[in-house]
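Go by the hints and put chain W onto chain G.
Those sequence lines, one after another, are chains G and W. Following the numbering used here, the numbering of the first sequence begins with 598 at its first residue and continues without gaps. Following the numbering used here, the numbering of the second sequence begins with 598 at its first residue and continues without gaps.
The set of hints was computed from the structure by calculation and includes no laboratory data. Any given hint could be a false lead.
As the list makes no split between identical chains, a pair holds if one copy fits it or if it spans any two.
[Claimed, not checked] Derived pair list, reagent style DSS-like, types lysine-lysine, alpha-carbon separation capped at 27 Å:
#1 Lys665 / Lys635
#2 Lys635 / Lys723
#3 Lys658 / Lys911
Residue-level listing of the chains:
Number of protein chains: 2
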Amino acid sequence: MSENKEFVKEITKMEDDFAQWYTDVIRKTDLVDYSPVKGFMVIKPYGYAIWENIQQYLDKKFKETGHKNMYFPLLIPESLLNKEKEHVEGFAPEVAWVTHGGDNELGERLCVRPTSETIICHMYAKWLKSYRELPYLNNQWCSVVRWEKATRPFLRTSEFLWQEGHTLHETQEEAQEETLKILKIYEEMAKELLAIPMVSGLKSEKEKFAGAEATYTIEALMHDGKALQSGTSHNLAQHFTKAFDITYLDRASKLQHPYHTSWGVSTRLIGGLIMVHSDNRGLVLPPRVAPTQVVIVPIMQKKPGVLDRAYELKKDLEAVGIRVELDDSPNYSPGWKFNEYEMKGVPLRIELGPRDIENGVAMVARRDTLDKNQMELEHLPEMVSELLEDMHQDMYHAALEMREEKTYTVKTYNALVESISEKQGFYKAMWCGCEACEAKIKEETGATIRCMPFEQEQLSETCIVCGEKADKMVYLAKAY
Amino acid sequence: MSENKEFVKEITKMEDDFAQWYTDVIRKTDLVDYSPVKGFMVIKPYGYAIWENIQQYLDKKFKETGHKNMYFPLLIPESLLNKEKEHVEGFAPEVAWVTHGGDNELGERLCVRPTSETIICHMYAKWLKSYRELPYLNNQWCSVVRWEKATRPFLRTSEFLWQEGHTLHETQEEAQEETLKILKIYEEMAKELLAIPMVSGLKSEKEKFAGAEATYTIEALMHDGKALQSGTSHNLAQHFTKAFDITYLDRASKLQHPYHTSWGVSTRLIGGLIMVHSDNRGLVLPPRVAPTQVVIVPIMQKKPGVLDRAYELKKDLEAVGIRVELDDSPNYSPGWKFNEYEMKGVPLRIELGPRDIENGVAMVARRDTLDKNQMELEHLPEMVSELLEDMHQDMYHAALEMREEKTYTVKTYNALVESISEKQGFYKAMWCGCEACEAKIKEETGATIRCMPFEQEQLSETCIVCGEKADKMVYLAKAY
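Just chain G, with the same shape it has in the complex (with noise of 0.2 Å):
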């Protein structure tokens, strides 16, 4: 066909050049587009209902564990974000400042939140009295803004979607269980709902959160062999309660600081979910995300009876809970049509001409390996729903052997050197510990410590760089 070669041509290649045919699927597909401000980006209708139903998921698990919503101003005094120290240091540099409001000048400069841990601990200050009111388990849905230099739709923007949990506990045990609880439900949210495997696991002091105690991470890799961080968990300590002085009388009517933790995925999610699973195509979306999940296109749509039977058999399909769209337009023909939804990654088309109708079949195309298998009309709402659960099993495993494909063991220096000049991956190695190890590393390679994998091995006895004795596996990669 050739509207196919067509489109196939104007996306590139991944083998030819990832970046560009990462950016020319987002561009193709109507996920997003760049704005009038430099670095911010608009996220389309079809790209929204992406993050609707990562909401959707993720604000499910959250109140079911016991997490309520609210909303904290936008904008951030300065001498707020001043308040902890590594904080500031961590942030200040990327922040937008509002210095007017209409005419006037401020008196103090104001940021656009780039997190909201300040201006939360101080109402959670004015708020906290006892124990009782404890654990604190409260999430905001927002955007953040952070000034980037270099940006890319999705993976990397100065204003991103994003929700941030913020809680506060009695005990730091407490805070460590919810930090690991929250991360244990990004993970679970990543293999139920995206398809995708992650490396979960502890951040390097170098890479943790500015104002953390310990940073945990959920990690995807992507095609091209390069990370993606998709989640954070932070246990905080005390080091905010303590810096915005908030108490509580405990059980023995002693003043204490509480426990704090904070976590955050955002619209980055989606820029991973495409670098895992599309192809030169372009996109493949697993059923569970897919904002639709099936279309119906109709041949020679104006033949007496193909179109009431498309539309009852999308009624059917709506009745089990399938998110369908049949594409009726007469203005594109069905290959037309064929070529568009399979871009868009909608998991399966169902043909249906006059003599599929005829003889009770219908046509069903699989996007992710493009299989297609004449099934019987009558049964198709059920066998579906199958095949949808079916694909969404596939796409994760494929992404797993994606991923194993991908990750390596390294025991010496000079492996990792050589090897990751050749072959983007997770390279598993053992480090000692130390930052100079670290900074070496990154500084030779490119590749940094994406986490100390909670599943430990013990590759040798020694870091590989320095030989020293080392007790930590970590997996090494360059990331986004």
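This is chain W only, laid out in the frame that chain G set:
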């Protein structure tokens, strides 16, 4: 009960000082708090849960009518804001300006969106090509900033949460149909969800949105007789589409400017909800929008079997879809709890003690009427469901009655001046349509034209101000 007195004492009586009553109610009931940034509020979980119920209701209606969500940047370049003359005059005095990103001064100032017509039109101009793509039916949920001098939580704040719809159409008729369709959705939402009767109609030229051809509004009457503009829907005709040069090829392949609408409601609705329904004991929340619809307070909860039966009841109520809480905290007495949930406006309270359980009954107390009735435990789920429905209807009718009591008809200007100095309310009056008469009313009485309602009555033949021929009946009121 002593706690009761104490709490009532802390909420100022609305008859004594309505503004203070409002402030007391929102502060005492944990809906909202003041933030360290002047004019910006923190929406606490209990307040935010009300907003989530409003969002859920509207988002469903918008999607059922073909609208899709999207997200546009928070920051808008000054040059874009300047493109529509009336718009910039209306908004420029009240925007917050970002002048620095990190340490660098920006080449062009960016305003924090006060509303998004300008940046959305800029993108629509880039996207729209053909009539085949029309209508554009889009919406976004976000926060906006308008630098206000005098602020009050929910009613007028420098930042608020809202939704803003932005649509494009082939004809002015379709744009008008959309404008009114959305106004109808807002009006129904107020009635069906918030139990608030609205007067709906057209704004005067002076009161319309900066840049609109016509603004339609829903107006509610508060307990103190002042009006609250609760939602607006604008027919923007081609004002912005010409200013931003949005064009498309029509059915005859000619270049045309599309017709345009925008519309929004905000967290201001929560302020209205409070000032229509609540009383001197605190909040009274209509059941459909209440975060918690029923609270179960166990009596003598240490007695064996009481808590077990209470938890069983909770489950039974949840099974029929009721949002229910059980307060089994040992730190507070039942009396304290009664007052707490009464103040927080929970629609129904169920008291359950050992003797009740023995007799197979529970005491059910309504928040709106304060009536208490014994009901059989066995039938409680159905009876409570019915009671919640009754409450919704009763609260709507009480609000309607209150509004009717405070709605007056005046046939002369003197009658208006005299009456409004004594009692606030909606004043129906004839108006010739000229700005001079409108300005005189505002200057001399403080009342403004809230709208020209769709339901017109010909009260007389002449304008109450100038005595010239008049064919428009308007609603006048002092307003928030």
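Practice task
Check each numbered hint from earlier against the structure, then list the numbers of those it violates in ascending order.
Solution key: none
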